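Next come the chains, spelled out residue by residue.
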Amino acid sequence: MKPELIEALGRIVGPRWLRHRRAELATYTMDGLPTRESYPGVVVMPKTAGEVCEVVRLLHLVDVPFVARGAGTGLSGGAVADPDAVLIALGRMNRILQVDPCRRRARVEPGVVNARLSEATAPHGLQYVPDPSSQAACTVGGNVAENAGGPHCLKYGVTTNHIVELEVVLPDGSTTRLGSRQGEPWGPDLVGLFVGSEGMFGIATEITVRLEPLPESVRTMLADFSTVRAASQAVSAIIAAGIVPAALEMMDRACVAAVEASIYAAGYPTDAAAVLLVELDGQTDAVEAEAKTVVSLLQERGARTVRSASTPADRARLWQGRKKAFGAMGRIAPDLAVQDAVVPRSALPDIMDRIEEIRLSYGLTISNVFHAGDGNLHPNISFDRRDPNVAGRVHDACRDIMAACVAAGGSITGEHGVGSDKIDYMPSIFDAETLGAMRAVRRVFDPAERANPGKVIPLHACREWRAARGVR
Amino acid sequence: MTSTAAADPLAPCVHCGFCLPACPTYLATGDEADSPRGRIVLMRALERGELGSGDAGLVQHLDACLGCRGCEPVCPSGVGYGRGLEMARERLFQERGLPPLARAVLGVFRHQWLWRPLFALARVFRATGIPGLLAGGARAGFGLGMLAATRSDVTLTPSRGRGKGAYPEARPLRSALGNNGDNTTHPTVALFRGCVMDTLFGHVHHATRRTLEANGYRVLEVSGQVCCGALHQHAGDREAARALAAENVAAFAASADYIAVNSAGCGALLKDYGHLLGTAGSQAMAAKVRDISELLADVGPRAGGRLELDVAYDAPCHLQHAQRVHQAPLALLRAIPGLRLDILPGSDRCCGSAGIYSLLRPDMARAVLDDKIAGIAAAAPRPRLVTSGNPGCLMQIGAGLRAAGLDIGVAHPVELLDQSYRAGGLYQ
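Read top to bottom, the protein sequences are chains A and B.
Its first residue numbered 602, the first sequence is counted upward by one per residue in my numbering.
Its first residue numbered 163, the second sequence is counted upward by one per residue in my numbering.
No lab work stands behind these hints, which were simulated from the structure alone.
These figures come from a predicted structure and were not determined experimentally.
Misleading hints may appear alongside valid ones.
Away from chain A, derived, C-beta distances all over 10 Å, residues of chain B [what the hints assert, rightly or not]: (1) 274; (2) 282; (3) 309; (4) 401; (5) 404; (6) 419; (7) 446; (8) 497; (9) 524.
Each pair of labels, with its calculated beta carbon distance range [said to hold, decoys possible]: (10) 209/B x 962/A: 34 to 44 Å; (11) 465/B x 638/A: 58 to 68 Å; (12) 300/B x 720/A: 30 to 40 Å; (13) 235/B x 762/A: 26 to 36 Å; (14) 488/B x 788/A: 54 to 64 Å; (15) 209/B x 762/A: 41 to 51 Å; (16) 442/B x 988/A: 32 to 42 Å.
Don't be surprised by glycine CBs; every beta carbon is placed ideally from N, CA and C.
Same shape as in the complex, but just chain A (with noise of 0.2 Å):
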């Protein structure tokens, strides 16, 4: 990076708000992911809309890649930038600007963490839905680029489902705004496009999301199996009979295990196979009434135990255990591989199996804590790199759960994104039509694809790609 690009960034954000020094930057190697690591050229923390504006129109002109991080809570690698690239970190970015309880609106900064919206917006009787399991610390524009999703996401919709407005910087410095405070699109659904775009379109500086109003009633149950199996059949026949719950979650043995001995310990039977965590809300007789149903396909189903959490407290602890289980992984090995693939409900009890195979076979400790509600699997793969061996097989494991939901009918991804870690996998769902199609609508924005460049859109499977290098 240079010297005089440097100084002018400092000159925009105050030179307090850059860091360039080898071991600041190294706090900005990695995201969530710790498998894929890389030194951002320099950061910058912008504070105001007008500082990301000025520093992304001055990385246009002198024709410098940029990739925007919110908290770098995201699994994907999608927060990290290379050498060659400024990371904008818009964690000062945190105010939440307006609350309009009567519209059911409220407008916030990127930086914004998800939490701190809903614990806002609850005085008013209102919630931001999504809640993904690092809503404690992730911010509202990284959840806009990922389009993350979560536990409610089962019956509320993910992130693209909750945002209405969105003022944007482009990739070439300037401002718009997309969708409409009302929440109807004029002309093509631009908010739709750009929510999980994965920082290829631009950066987020103002998003305006919709609230729900808190349920009158909520019921969370904990059921426990004594086979996975058993309980992926109990997630089918809850859906099969025409209910949608709030949340429907399965953790296995080996996650159970990790949450129990940490300070979140929920009180999950720690000899179970499974444990679902099913949560019904919405009007107390219609919750009543889901709820005995629930129960009983759950008991035909085999749970060895049907509990309701008895008190908003003891519902809290049965929901911070699930939150917390992938940061409890620790526990297991000091290094971690969270993947993130989705298949077909109906196929859940086939791949637990066919997941359970692959652990055999290379030999690895796999634990699963996922939301089967939706058939989004995130199957966690413990290891410790000081082992020689166990990078490949780590590797070669994740290629094979990939592949065997990809050919299940399922996808890639349900909820971290593509960025770089699933990047390779891109070509096992799209052809390279589809690919070359993504690439021209990235260049819409990004013609010189500077923002998070390297992410998502792998050029070598791209059909121009392969024309130009005369693969075929």
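Mind docking chain B on chain A? Use the hints.
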């Protein structure tokens, strides 16, 4: 902690980032280099030799850690951040020493003949009332505010400034013990006096003694005790901490059933003496150490007279995170009839005092404090007092309240209980 964690306390970190929102310095700067996860990266690089103690970037961000350990109770993997920091700071201390100001301050605390006269002078200056008058938001004014905050703010009348001489420091008392006559059945408690507590917070020691006796403990004085060494330990000067610890272990050997501490920072290290010295004597002493709130909560404490006050509790980091004591101070405060206890949002977050941190890094310390003061100012009803069981927190929050022009005092919880006992006629 897992077995891997015992050997390498930072090993369980899987980089999830769940610690970020619990870190006061990250909240103040939004910079991941000032977050626990970022500092773990730095500490690991230091340990592996990839970055050295001469690296200004590394040193700046490791020095900027408050050591509050607020990240530990939110870590799902149980990363031993405090232990890791202790090892990193020790390494930095050995390789580059300390900055001059830190060296001077820590040097003073090593010798009673230095700190006693200095704090005695400070007390004289405090008694003039000048620190209270000149307290303000600028650096010097804030320092004076810290000194002013060491004076007792607990009075039965609502206006501040009457604290001085409202009650004599030592009074004869008619306690449970005094009426009983049979001293042998009462558990004995040796009072750890400390340095700042013994000189600037003498009134808290008196309150500690009276409330313990009123609850059936027999309080003993132990001579030969010195500063606990926590400030040295936090700065990485393990040898100085060990020397002080050894003196205390010798002084307290076989002294009593319990050792009472009313300073959370001291208590955290005293409970860790076994780890610091590794001797049977140090382990035996550490096992007897209790925060004053623990001893009182264990036996009730008995109720006193009414104290109609709005009080906000602020949890010292070294009580809640390092000692994992949460409920005892609340039980103590709830035993006071009429007292309306409020636990404000952010009351579990560090105030920025952190031993001598607020002297060495005043800007960050103030940035960390500002949110807390804003929260107290916005509270409805506004508290009359903020209460916290650690001298550094009382001084930092007290100075911050004065700097913000708020007529809100600070007090140790045991002072409030003492006042309640006085109002209830438990003392003669």
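Hint check results:
A cut-off of 10 Å between C-beta atoms confirms that residue 274/B is not in contact with chain A; the least separation is 39 Å. Residue-level check passed: residue 282/B sits 41 Å from the nearest beta carbon of chain A, beyond 10 Å. No Cβ of chain A comes within 10 Å of the Cβ of residue 309/B; the nearest lies about 30 Å off, and the non-interface call holds. Even its closest Cβ contact with chain A, about 27 Å, leaves residue 401/B beyond 10 Å, as expected for a residue assigned away from the interface.
Separation of residue 404/B from chain A is adequate, the least Cβ-Cβ distance of about 30 Å exceeding the 10 Å criterion. No beta-carbon of chain A comes within 10 Å of the beta-carbon of residue 419/B; the shortest separation is about 30 Å. Listed as outside the interface, residue 446/B is consistent with that label: its C-beta sits roughly 28 Å from the nearest C-beta of chain A, beyond the 10 Å cut-off. Against chain A, the non-interface label of residue 497/B holds: every CB pair exceeds 10 Å, the least being about 23 Å.
With a least CB separation of 16 Å from chain A, residue 524/B remains clear of the 10 Å interface cut-off, as annotated. A hinted range of 34 to 44 Å for the beta carbons of residue 209/B and residue 962/A is consistent with their spacing of about 35 Å. The supplied range of 58 to 68 Å is met by residue 465/B and residue 638/A, whose beta-carbon atoms lie about 59 Å from each other. At about 34 Å, the beta-carbon gap between residue 300/B and residue 720/A stays in the expected band of 30 to 40 Å.
Checking the proposed 26 to 36 Å range against residue 235/B and residue 762/A shows it holds: the Cβ atoms sit about 34 Å from each other. Roughly 55 Å separates the CB atoms of residue 488/B and residue 788/A, a value that falls within the hinted 54 to 64 Å. For the pair residue 209/B and residue 762/A, the beta carbons lie near 46 Å from each other, so the given range of 41 to 51 Å is met. Between residue 442/B and residue 988/A the beta carbon distance is about 39 Å. The supplied range of 32 to 42 Å therefore holds.
Of the numbered hints listed earlier, not one is contradicted by the structure.
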